[in-house]
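Trainee: Model the full assembly from the supplied sequences, consistent with the hints where possible.
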Amino acid sequence: MAQFSPVTGRYVTIDVLGDECKVFFLENGEGQPLVCQHTAGCHNHQWRDLLEDEEITSRYRVIAYDLARHGKSDPPRNKEWWKEEYRLTADYYTAFIVAFCDALELEEPIFMGSSFGGNVALQLALRHPDRFKAVIPVEAAEYSPGFFLDWWQHPQANAAQVCASGVWDLMAPQSPEKDRWATWFYYTQGSEAFRGDLYFYSVDHDLRGKLDQIDGEKCPVIMLTGDYDYLTTPEDSKRTADQIRGGEFIEMEGIGHFPMSENYPLFKRYLQQALRRIEERTGARAG
Amino acid sequence: MAAETAAAERWIEEFRRATDEDPEIQAHGKYYSCSYLLDMEEHSYLVKMHGGKVEEILVDPGPLDDRYQFALRASAGTWRKFGEEVPEPMYHGIWSASFQRDLKLEGDLLVLMQNLRCFTRQFELLRKTGVPV
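Top line first, the protein sequences correspond to chains A and B.
Be aware that the first sequence starts at 1, since it is given in this note's numbering, and climbs by one per residue.
Be aware that the second sequence starts at 1, since it is given in this note's numbering, and climbs by one per residue.
Read the hints as simulated data drawn from the structure, not as lab findings.
There could be a bad hint or two in this list.
[As the list claims (entries may be wrong)] Simulated pairs of lysine to any residue, SDA-like, Cα-Cα distance not exceeding 25 Å: (1) K128(B) x P176(A); (2) K238(A) x E88(B); (3) K238(A) x Q272(A); (4) K81(B) x Q174(A); (5) K104(B) x Y143(A); (6) K30(B) x L46(B); (7) K238(A) x R101(B); (8) K30(B) x A3(B); (9) K30(B) x P155(A); (10) K104(B) x P176(A); (11) K128(B) x Q174(A); (12) K218(A) x E107(A).
[Said to hold, decoys possible] Covered stretches of chain A (in silico footprint by chain B; criterion: 3 or more residues with CB under 8 Å from a CB of chain B, positions within the stretch not fixed): (13) 142-156; (14) 172-178.
[Stated by the list, open to error] One-sided excerpt, in silico: chain B residues whose CB lies under 10 Å from chain A: (15) E9; (16) V86; (17) A97; (18) R117.
Don't be surprised by glycine CBs; every beta carbon is placed ideally from N, CA and C.
Mentor: Put into structure tokens, the structure is as follows:
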């Protein structure tokens with residue numbers, strides 16, 4: 001008997017600041033839209049267990065897309081992208097996410113992203129508090145320098161392995177080995193985008209001195225960070241949440257920088273706390 | 001001193017065996033050939049790898065005894081934490097400890113990057129063998 005997953009994949013073509021982007025996304029579930037962004041240099045399989053978690057998908061429409069240049073989403077189709085160095089900016093990244101949510105006609109989606117997806121969640125809360133019901137920045141901070149490195153694409157090293165083993169320590173040693181290796185495997189696939197993504201993560205994303213402009217009452221910001229994350233430590237995220245009006249921070253114990261992918265059962269406990277807080281604060285039951 | 005020497009010799013044999021018998025390094029280490037120094041403050045160890053196998057490990061090499069391509073230097077306390085079965089946060093790898101603790105990565109880091117997959121695995125074998133400081 002064949003075992004089919006309830007998760008389905010589709011493409012949608014969107015316009016992002018003039019770029020024609022054919023975007024691949026996976027989805028499952030019904031109810032409150034929950035839009036999920038993968039980490040830098042990776043793709044939507046990081047959300048594989050959430051997408052198949054009936055306890056969540058019975059109440060939430062979980063949507064995990066591949067950002068352009070990642071996974072099954074090609075680089076822009078109407079542009080000679082190979083003639084430029086890829087450097088992701090906050091302007092482009094937020095425009096992409098809003099265009100994607102508009103194309104799917106999502107009403108008041110909750111946005112969740114990890115790492116560079118967590119940092120863009122903060123950018124969305126700042127720029128588009130009316131477009132999102134709430135954001136869940138995972139492993140995020142107002143500023144996260146130090147990872148825009150040339151090693152990710154050095155011609156004398158194996159870029160696939162440098163990217164994958166270079167992020168290995170971002171995971172907790174006690175996370176299940178098979179899930180850490182799945183995450184490692186995804187990272188061997190994204191080296192061409194990784195460095196350019198990290199331009200956003202470590203350079204262009206800088207909300208120092210601007211966090212007081214985020215209205216976390218209008219658009220709740222519930223931050224989650226694992227204690228094995230050396231890039232964005234729990235202290236970094238707490239400091240960020242403390243500067244956001246209505247910002248909240250939950251520390252995750254025994255997990256690292258790719259929580260949804262390295263140890264979903266543990267991450268789920270914290271995610272459910274975050275979703276409950278959003279329900280309490282927005283007065284709306286999901287589903 | 002004799003006890004310390006014996007302990008260092010024991011560790012060398014355990015680290016050699018753990019490496020040479022590790023399925024992952026043996027599956028992917030065909031080109032894992034390089035030399036590196038582990039500076040543990042109280043002692044240092046120069047490890048020479050060839051084709052995924054430990055070729056030689058020198059204890060406390062003298063100033064001109066031999067050469068290496070890159071070095072990892074940290075306090076003895078940090079190395080002891082690397083050697084725990086489940087290291088506490090920030091002592092769970094060379095990236096975390098160099099970003100957040102006192103580990104210094106020195107020398108030709110390109111060689112480290114070229115061998116990062118196997119080196120990362122071998123470094124984690126310290127959680128099985130412990131560290132000789």
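Trainee: Given the hinted pair K238(A) and R101(B), is their alpha-carbon gap at most 25 Å?
Mentor: holds (20 Å)
Trainee: Check the hint pairing K128(B) with Q174(A) against an upper bound of 25 Å on the C-alpha distance.
Mentor: Measuring from Cα to Cα gives roughly 14 Å; hence the hint holds.
Trainee: When the nearest CB of chain A is found for V86(B), is that gap smaller than 10 Å?
Mentor: holds (6 Å)
Trainee: Given the hinted pair K81(B) and Q174(A), is their alpha-carbon gap at most 25 Å?
Mentor: Holds. K81(B) to Q174(A) sits at ~15 Å (cutoff 25 Å).
Trainee: Does E88(B) lie within 25 Å of K238(A) when you go C-alpha to C-alpha?
Mentor: holds (20 Å)
Trainee: Below or equal to 25 Å on CA atoms is what counts here, so check K218(A) against E107(A).
Mentor: holds (15 Å)
Trainee: Taking 8 Å as the Cβ threshold, is the statement that the segment 142-156 of chain A is covered by chain B upheld or broken by the three-residue rule?
Mentor: holds (count 4)
Trainee: Are A97(B) and chain A close enough, Cβ to Cβ, to be under 10 Å, as the hint says?
Mentor: holds (8 Å)
Trainee: Could you check if R117(B) really has its C-beta closer than 10 Å to a C-beta on chain A?
Mentor: Nearest chain A Cβ about 5 Å off; hint holds.
Trainee: Need the status of pair K30(B), A3(B): alpha-carbon distance at most 25 Å?
Mentor: violated (36 Å)
Trainee: Taking a Cβ-Cβ distance under 8 Å as contact, does the segment 172-178 of chain A have three or more residues in contact with chain B?
Mentor: holds (count 3)
Trainee: Between K30(B) and P155(A), does the CA-CA distance stay at or below 25 Å?
Mentor: Roughly 20 Å between the alpha carbons, so the hint for K30(B) and P155(A) holds.
The earlier numbered hints that this structure contradicts are 8, 10 and 15.
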